[in-house]
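Turn these sequences into a full structure, and let the hints guide you.
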Amino acid sequence: MSGQVTQSVFLKGVHRIQEEASSKVLILGGDEYGIRIAEVLKNNAFDSTVLIEPNEKYPANPKVEIVQGSIRDISGFMGNFSVQIETLSNVAHSRFGYIVAAQPPHRESKINAFAIHDSKSIYNLSEFKHYLNSGGRLPERKDGWRHIAFFFDLKGSSDVSQFETLVSILDRLETEDRLQSYVFTRNLKVASLGLDARFRYHRQRGVVFFKFDNDDPVINQDENGSVITFIEPLLGEEMELTPDIMVFDEILGPSESLRSILNLIPSSPAFSPYLQPESSRFQGVETPKAGIYAVGPSRGVFDVESLNADVQAVTVYILKASMEKPDLSGKGVASVDHGKCTFCLTCLRLCPHGAIGFISRPEIDPLSCRACGVCVVECPMGAIEIRSLGESTLSTETSSRPIKLIVCAKSGLQAVAKISAGILADVEIIALQCAGNVSAISLLEYFRDGAGGVIVAGCFKGNCASIYGSTLAERRVGYAAEVLTQAGLDPERLEFTSVAGNTPERIVEAIMKIKHRVISH
Amino acid sequence: METLLYLGCTVPIRNLNYEVSARLTAKALGITFRDIEEFGCCGFPLKSLNVEDMMVTAARNLALAEREDLDICALCNACAGTLNEVAHQVRTNPEIREKINRRLKPLGLRLDGNVKVRNYMRLLWEEIGIEGIAKAVTRPLNGVTLAPHYGCHYLKPSELNVGFDSPEVPRTLSDLITATGAKVINYPSLLDCCGGGLLGMSEEVANAMAVRKLQEVSASGAHALVLVCPFCNVMYEGQQKKIAKSTGIDLKTPVVYYPQVLGLALGMTSEQLGFKLNRIKPKELLEIVEG
Amino acid sequence: MPKINLNELDPEFKHRVAEQPGGEGLKACFACKACTAACPIQPIDKRYDPRKIIRMALLGMKKQVLESDFIWLCSSCYGCQEVCPQNVRFTEVMYAIKNLAAQEACIPPGLTAQRSLLKKHGRLYEVGEFENEKRLKMGLPPIIEHAEDFDVILPDQTVESDRGHSSTSHNS
Chain P
132 MSGQVTQSVF LKGVHRIQEE ASSKVLILGG DEYGIRIAEV LKNNAFDSTV LIEPNEKYPA
192 NPKVEIVQGS IRDISGFMGN FSVQIETLSN VAHSRFGYIV AAQPPHRESK INAFAIHDSK
252 SIYNLSEFKH YLNSGGRLPE RKDGWRHIAF FFDLKGSSDV SQFETLVSIL DRLETEDRLQ
312 SYVFTRNLKV ASLGLDARFR YHRQRGVVFF KFDNDDPVIN QDENGSVITF IEPLLGEEME
372 LTPDIMVFDE ILGPSESLRS ILNLIPSSPA FSPYLQPESS RFQGVETPKA GIYAVGPSRG
432 VFDVESLNAD VQAVTVYILK ASMEKPDLSG KGVASVDHGK CTFCLTCLRL CPHGAIGFIS
492 RPEIDPLSCR ACGVCVVECP MGAIEIRSLG ESTLSTETSS RPIKLIVCAK SGLQAVAKIS
552 AGILADVEII ALQCAGNVSA ISLLEYFRDG AGGVIVAGCF KGNCASIYGS TLAERRVGYA
612 AEVLTQAGLD PERLEFTSVA GNTPERIVEA IMKIKHRVIS H
Chain L
5 METLLYLGCT VPIRNLNYEV SARLTAKALG ITFRDIEEFG CCGFPLKSLN VEDMMVTAAR
65 NLALAEREDL DICALCNACA GTLNEVAHQV RTNPEIREKI NRRLKPLGLR LDGNVKVRNY
125 MRLLWEEIGI EGIAKAVTRP LNGVTLAPHY GCHYLKPSEL NVGFDSPEVP RTLSDLITAT
185 GAKVINYPSL LDCCGGGLLG MSEEVANAMA VRKLQEVSAS GAHALVLVCP FCNVMYEGQQ
245 KKIAKSTGID LKTPVVYYPQ VLGLALGMTS EQLGFKLNRI KPKELLEIVE G
Chain Z
3 MPKINLNELD PEFKHRVAEQ PGGEGLKACF ACKACTAACP IQPIDKRYDP RKIIRMALLG
63 MKKQVLESDF IWLCSSCYGC QEVCPQNVRF TEVMYAIKNL AAQEACIPPG LTAQRSLLKK
123 HGRLYEVGEF ENEKRLKMGL PPIIEHAEDF DVILPDQTVE SDRGHSSTSH NS
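Residue numbers (the numbering used here), protein chains in the order written: chain P, 132 to 652; chain L, 5 to 295; chain Z, 3 to 174.
These aren't lab readings, by the way, just hints derived from the structure by calculation.
Honestly, I wouldn't trust all of these hints.
Derived SDA-like pairs (lysine to any residue); straight-line CA-CA distance at most 25 angstroms [said to hold, decoys possible]:
| hint | chain 1 | residue 1 | chain 2 | residue 2 |
| --- | --- | --- | --- | --- |
| 1 | Z | Lys-122 | L | Leu-20 |
| 2 | Z | Lys-136 | L | Val-238 |
| 3 | Z | Lys-5 | P | Leu-476 |
Dropping the structure here:
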């Protein structure tokens with residue numbers, strides 16, 4: 132291949148699970164968490180490679196394999212990821228069964244937000260912690276006390292992990308003589324194991340906390356140092372402090388190197404910059420694409436407690452995935468009829484789970500496919516189908532009942548169980564794996580075949596297990612309504628509603644609306 | 005039962021009506037009060053200057069009582085509170101016990117803290133009981149309405165009064181009053197502090213603290229305000245005229261002590277109970293009781 | 003009002019208050035304001051605000067606290083102490099602060115006078131023949147002063163009772 136970065140959707144090699152790759156794991160990020168994951172995986176008979184950015188430092192650790200470099204190219208599916216890694220000396224090509232994104236967060240100092248410039252007595256939280264832990268000394272004062280000012284959660288919300296760092300610095304400073312610490316903050320973030328107790332301990336021993344609702348403190352800096360001016364929140368009096376040291380918190384975000392992984396998941400623009408959508412559909416370290424796992428900062432959590440939990444969870448998820456027997460029969464997943472396929476690649480570009488790849492033709496990976504049906508509906512040639520284990524997937528018997536209610540297995544199906552039979556009289560329920568499997572044509576066909584009304588119930592935006600399955604369903608309902616209007620039929624007999632498993636009242640509302648429409652017209 | 009009577013500084017000089025009625029009612033109910041001549045100030049006025057000085061002063065009185073192996077019954081809330089607090093601290097804190105005893109040594113005294121201190125009303129409640137009082141009443145005070153005033157140191161700090169009364173919804177004094185046959189009114193400023201502790205510091209602030217209760221009791225039509233502490237008396241009786249003058253509110257609240265009320269119900273005369281010394285005469289009350 | 007300079011305040015002050023008997027709970031305060039809400043003095047004199055006094059002590063405003071006259075306005079009603087969720091025991095903390103003020107010779111004259119009376123008579127009110135005659139008339143036993151004990155247990159103080167004057171003072 133040439134030296135350029137190629138499209139990630141193109142597979143190299145054979146589309147089948149490669150035995151030798153299936154027990155290899157690529158871990159991105161070499162701080163203590165990445166290395167711990169490698170060690171735990173090793174104890175469970177997985178080989179892993181820890182990939183560290185060229186400018187990252189790491190402890191010498193012979194127990195796990197560490198490579199320093201960056202990803203040049205990556206593609207593939209669970210059990211068979213193809214990765215090109217560029218190091219200082221060469222470009223290497225490897226295969227991995229699983230990818231764990233465990234990069235440390237990107238840090239941006241809030242010093243700039245206070246309109247001051249960096250100086251010798253100014254630190255970031257993580258910087259200062261490192262400085263103290265490696266034996267850094269505090270300035271001396273012959274007489275009087277030394278004052279150190281911390282700034283937290285001002286000029287933008289801060290993560291609880293930053294407060295953890297602040298408290299661990301206070302732990303370290305406790306033994307210093309004649310040192311008064313002040314914390315200037317908006318809110319205190321103590322929601323982490325034991326953090327509240329540690330904070331209270333420091334408040335009790337005399338650390339002063341200033342909590343500002345409005346009117347943040349102002350810092351004036353000149354060549355001699357800085358002066359903090361503020362209105363004491365409880366006394367209402369104007370005060371000033373000239374600290375010996377100032378420590379600022381940081382804004383934490385995802386690592387830059389997540390980009391190449393995000394590109395493997397076509398639906399990622401809907402939930403980037405993190406690798407895991409914010410909905411409850413994605414638990415633990417799951418991402419929408421099988422075989423890719425997001426740890427800590429990659430999924431927007433930065434605190435020690437969550438990171439430790441993620442380290443444990445990764446092994447569990449990988450073990451679970453490795454023990455699932457791949458069903459290559461094609462049942463229960465989507466597959467392409469290559470006779471009808473025109474290679475438009477719409478399916479590939481839309482699959483929320485990144486389950487479709489292209490060698491000489493589109494291929495759907497059976498381990499990654501979740502049978503949501505988005506590709507089935509979007510394929511302009513109708514070339515994709517989901518073959519079920521039985522006659523048809525999850526639909527009930529058609530009857531001559533007037534109102535069709537289409538629900539998805541994740542929400543509407545559970546809600547419907549709570550609705551009384553009286554309201555469901557004359558309603559036929561059609562259950563799908565995902566609302567994304569509803570096509571505009573099928574909605575029109577229901578009307579053609581005599582339905583009095585049609586309701587499509589999809590999950591709330593942001594809560595769809597297929598990322599945008601319900602969004603697409605709503606759009607298709609819109610198209611169908613337009614067609615009905617143009618055909619001179621009543622578009623109000625077609626309704627889309629967002630539901631969850633515990634909102635049966637929303638379905639009831641839609642049913643009553645349609646029934647009323649049917650009766651009165 | 006036998007107990008030591010602790011008078012404090014103010015009662016034996018300024019509130020003889022309280023002392024006399026306490027002694028008479030105690031005798032009538034079978035309580036023997038014994039006096040210790042060496043009893044002196046409880047130490048309360050010293051606390052703001054030096055807590056330890058206060059404790060030693062209180063400890064001296066407690067040690068004298070402990071020597072006699074008798075409990076203390078006090079007439080002033082501040083005395084009772086102070087002595088009780090110090091006894092508790094000496095009893096439960098070895099460091100304090102050592103410190104205090106070191107300072108008591110030159111006097112040849114020693115305190116372990118095993119002295120129970122109660123004010124007279126608590127003693128009546130716990131030793132005689134409401135039923136006991138009701139039984140002893142020979143002249144029920146029917147037709148009399150009274151307003152109780154507990155005072156702060158009678159109820160607080162609550163940890164020293166566990167099992168006795170509640171600082172938020174107290175009832176002991178009301179019950180003691182109703183046991184005599186009189187009715188009790190409940191009024192919003194029941195729990196107000198009299199402000200007596202501040203009279204020496206700022207008369208203005210102290211008077212401002214006493215106004216509300218005087219106003220409410222005055223307006224309520226109660227025949228008297230019933231007190232259990234000479235400090236409170238200084239404010240509600242002693243300062244009443246001044247407060248009425250400075251606020252322009254017409255205040256005519258007779259102020260009596262509980263043992264005086266109890267004594268009347270036990271059949272004693274107002275003369276015996278020192279009513280002559282009550283500065284604002286409870287005319288209506290005495291009319292109803294004595295005719 | 004001039005700005006208060008934190009560098010000139012005394013971070014040691016809060017520890018000194020906490021070292022006094024009764025002052026231990028000071029640093030537990032988290033400024034919920036229940037004490038101020040329960041205080042009967044606060045509505046009468048706004049300067050007496052328990053929460054603010056604690057905050058001033060925690061910030062090290064030693065001079066402003068010890069030399070003030072409002073710290074002597076506590077009536078020791080214990081209302082604050084009863085409602086405090088953190089067991090600060092503010093009534094006792096106020097006594098601790100007043101004790102420190104006394105050590106710095108900032109005492110209202112009335113209190114020093116009371117102390118002298120105790121040292122001299124063992125009581126706040128002198129008891130003489132006149133008083134005992136009145137008692138006798140009412141059938142009450144006489145009161146005898148035993149001041150010598152008080153002279154022993156209360157140490158000498160050479161303190162000026164006016165505020166702000168420097169002087170020598172020592173405790174036992």
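Each hint, compared with the structure:
no.	hint	in the structure
1	Z:Lys-122 - L:Leu-20	holds, 23 angstroms
2	Z:Lys-136 - L:Val-238	holds, 19 angstroms
3	Z:Lys-5 - P:Leu-476	violated, 69 angstroms
In this structure, only the earlier hint numbered 3 is contradicted, and the remaining ones agree with it.
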